[in-house]
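*Asks:* Each chain is listed here by its residues.
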Amino acid sequence: MASVLTNLFDGVAYGMLLFVLACGLAVTLGLMNFVNLAHGAFAMAGGYICAVLVNNSGWPFFAALPLAFVASAAIGIVLERTLYRHLYTRSHLDQVLFSIGLVFMSVAAVDYIMGSSRIFIKLPAALEGQLDLFGVGIGRYRLMIVVICGLLTLALQLILAKTRFGSRLRAAVDDPRAAIGLGINVPQVFAFTFAFGCGLAGLGGALSAEILGLDPYFPLKFMIYFLIVVTVGGSSSITGPFLASLLLGIADVAGKYYVPKMGPFVIYTVMIVILLWRPNGLFGRTAAR
Amino acid sequence: MTALSDVSTHAMASARWRPGEIAFWVLALACAFLFPSRYLIMTDIVRLALFALSLDLILGYAGIVSLGHAAFFGVGAYSAGLLALHGIINEPVIALVVAGLVAAVLGFLTSFLVIRGVDLTRLMVTLGIALLLEALAERFSNITGGTDGLQGIEMQPILGLFAFDMFGKTGLFYSLIVLFILFLLARRVVHSPFGLSLRAIRNNPLRAAAIGMPVNRRLIAIYTLAAFYAGIAGALFTQTTALASLDVFSFERSADLMLVLVIGGTGYLYGGLIGAVVFKMLQELFQSITPQYWLFWIGLVLVVMVLVGRERIHRWVLFVPNLVIRQFAGRKAVVAVPERDAP
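Sequence order for the protein chains is A and B.
So for the first sequence, the working numbering puts the first residue at 1; every next one is plus one.
So for the second sequence, the working numbering puts the first residue at 1; every next one is plus one.
Check the hints yourself; a few may be wrong.
[As the list claims (entries may be wrong)] Listed next, the stretches of chain B that the computed footprint assigns to chain A, with coverage defined by at least 3 CB atoms under 8 Å from CB atoms of chain A:
#: 1; region: 56-68
#: 2; region: 126-136
#: 3; region: 255-267
#: 4; region: 289-295
[Said to hold, decoys possible] To spell it out: a stretch of chain A is covered by chain B in this simulated footprint if at least three of its residues, at any positions, have a beta carbon under 8 Å from a beta carbon of chain B; those stretches are:
#: 5; region: 109-121
#: 6; region: 165-176
#: 7; region: 192-205
If you are wondering where the hints come from, they were derived from the structure by calculation, not from laboratory data.
Where a beta carbon is used, it is the ideal one built from N, C-alpha and C, also for glycine.
I would like the entire structure built from these sequences, with the hints used as guidance.
*Replies:* See below:
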């Protein structure tokens, strides 16, 4: 029984991590309808920046995390202003080709600079080992992830639902032309959102070095996971992707633990079935945009 | 003039062989004779060209964006490998066709999944199917050989006459003949009324359905045909290299394939063939500069091509050949103008 709960907790932590990694993509892909396969590259950038700061420059882990966010967001906004901006109106094929190209470049560049082996981030001692809560083993690191990601999710929900920026974003997504007519600076809103999503991915990348493993092929390996979160979760709110990532996290951990031989087989099958059953995602809006 | 004969005149006119096309194939055959030391790389190009031709059928003519076309390539490769390994069908040509048919069956079955939904769902479903097959091949490693791949494949002589030699001469001519035959078939298909209806569907599925085209049935048909082509390309891969491993299903293979087709241009059949030549040359070039990091340059090519605009690049590249052809064959004869891709 205890091992079931431990697995469940690991699954939740994994799922929350996936959510932080993928929620930026939920905006670009789900709301702005831009097929950005290079989202994982921003996560990888954040992870590597954090690793360099902690391992080489001796920064404390918790100081490096915000910097991973800021740096990824900065990379994101530069790329958005220089490259992505021109591709919003292009065909999906162009967007796919462009972002695959970016992924290839980032993989080779990181391989060149940092080497091709997996890297680890030195964790503070407080985050190692397990807590014992009522006989259930809970990893401290995973607990921290759950806390951070949970707070971030709440904050995101509040920003989207309650703030002026949130309503601007929703308006810009629902009908860009009408939003421009109302005096909303739509490109600016998109650029800011894109950068914020990239920053979150970078933070997720820094957090995931311990759990998912960080190497130059990270963007390719986890691309499908991010896409699953967004397509299965739908794009009408952030609740959909959140639930989808929890589901995916728990299913993946349980699958690897209980039926290790089936490998990732289960997840791909479930994804295809869900997409056939509801092409707009489990929690998506009914009408295709 | 009735509507039907109108269509057929139009189709006949556009299906006529142009001087440029004949020159292309003569040149291809000449290369096979001129560079005897380069058989292996030329075989590689021919295989890739056939694979790209298969993607062109669904992407260029039907507008289906697929991220998992390697699925059919892999199925063809493993089918041919297993047939030869267990001595079920020893004759390479028959094994080739059988492998293609296996892939076509898979294509037919999965086409029902692909025609549902819009672009994004299609991307995910095609990608998912390829990943699924890769996971399956890894899971059943007792059949597929797992990460080591199928080993000890021995190919029998083609038609019992031409044995595969170690320089790859037989392999090259075999692949070239297969490519040419399948190209003729594809050419016939896309210039038929069926091919014209596919283009109508690509440009606007709703209108196509409104004038009475069975949109879904047409898409299923072309998807199955493309799967057959990809299967044959995979089988050629196994037969000419005596090798089949897990990477036949890999995402990079599907992604590279898109690059090949995009370099050459979609929707006029030669795109895949020209793209394969250019891609392999680029690959050789980049690998000679930076052996380990050529992926970076491939990525850069993709990004630049998209940012500059694919059509614009093709216009620049085709400018000189078109000029030459016009001098010889009059104003109207144009080598090839890539059509616009799916809107």
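*Asks:* State for each hint whether it applies.
*Replies:* Each hint tested on the structure:
{"no.": "1", "hint": "56-68", "result": "holds (count 3)"}
{"no.": "2", "hint": "126-136", "result": "holds (count 7)"}
{"no.": "3", "hint": "255-267", "result": "holds (count 4)"}
{"no.": "4", "hint": "289-295", "result": "holds (count 4)"}
{"no.": "5", "hint": "109-121", "result": "holds (count 3)"}
{"no.": "6", "hint": "165-176", "result": "violated (count 0)"}
{"no.": "7", "hint": "192-205", "result": "violated (count 0)"}
Hints 6 and 7 from the list above are not met by this structure, while the remaining hints are.
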